[in-house]
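In the numbering used here, the protein residues as written are 1 to 92.
These are calculated hints, taken from the structure and not from any lab test.
It is possible that part of the hints are untrue.
[What the hints assert, rightly or not] Simulated pairs of lysine-lysine, DSS-like, Cα-Cα distance not exceeding 27 angstroms:
hint: 1; residue 1: 59; residue 2: 73
hint: 2; residue 1: 37; residue 2: 78
hint: 3; residue 1: 31; residue 2: 73
hint: 4; residue 1: 70; residue 2: 56
hint: 5; residue 1: 31; residue 2: 78
hint: 6; residue 1: 61; residue 2: 73
hint: 7; residue 1: 56; residue 2: 37
hint: 8; residue 1: 31; residue 2: 56
Quick caveat, the model's predicted, so the values are computed rather than measured.
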Amino acid sequence: MVASVTNYERGRAKEYQTISVLRRQGALWVKRSYGSKGMFDVWALFPDHFVAIQVKSSKTKATISDEELKTLKEFAHKIKASNIHIEIWLYH
1 MVASVTNYER
11 GRAKEYQTIS
21 VLRRQGALWV
31 KRSYGSKGMF
41 DVWALFPDHF
51 VAIQVKSSKT
61 KATISDEELK
71 TLKEFAHKIK
81 ASNIHIEIWL
91 YH
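Sequences are here, hints too, so could you generate the full structure?
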């Protein structure tokens with residue numbers, strides 16, 4: 001019998017996939033927020049910029065709620081430094 005994959009496991013796998021991509025892109029430091037307790041799931045430091053990423057994953061279609069998108073946009077608007085990037089990565 002094959003155990004079904006939980007939403008947490010699917011999301012965690014995509015977070016690790018994101019980390020792998022960021023490292024290949026040259027990130028000097030990458031950190032995953034365990035348990036998705038914060039606003040962002042993955043943080044990455046590059047030589048010239050910093051990235052905070054919200055990772056969304058679904059078996060069918062990855063989406064982000066209007067409320068969560070609004071919160072992220074409001075947060076991003078408060079950042080004045082041009083080398084800090086707020087991103088949403090959608091996987092399905």
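Q) Are residue 31 and residue 78 close enough, with their CA atoms no more than 27 angstroms apart? A) 22 angstroms, holds
Q.
Just to be careful, I want the Cα atoms of residue 61 and residue 73 compared with a cutoff of 27 angstroms; is the pair within it?
A. Roughly 21 angstroms between the alpha carbons, so the hint for residue 61 and residue 73 holds.
Q) Keeping to a limit of 27 angstroms between CA atoms, is the pair of residue 59 and residue 73 held or broken? A) 26 angstroms, holds
Q.
For residue 31 and residue 56, compute the direct alpha-carbon distance and say whether it is at most 27 angstroms.
A. 16 angstroms, holds
Q.
With the threshold set at 27 angstroms, check whether the alpha-carbon distance from residue 70 to residue 56 stays at or below it.
A. 15 angstroms, holds
Q: Decide if the proposed pair is consistent with the structure: residue 56 and residue 37, CA atoms, cutoff 27 angstroms inclusive.
A: 14 angstroms, holds
**Q.** Restraint status (C-alpha distance of residue 37 to residue 78 at most 27 angstroms)
**A.** Holds. Residue 37 to residue 78 sits at ~21 angstroms (cutoff 27 angstroms).
Q.
Between the alpha carbons of residue 31 and residue 73, is the straight-line distance 27 angstroms or under?
A. Given that 27 angstroms is the threshold and the Cα spacing comes to 22 angstroms, the pair holds.
In summary, this structure violates none of the numbered hints.
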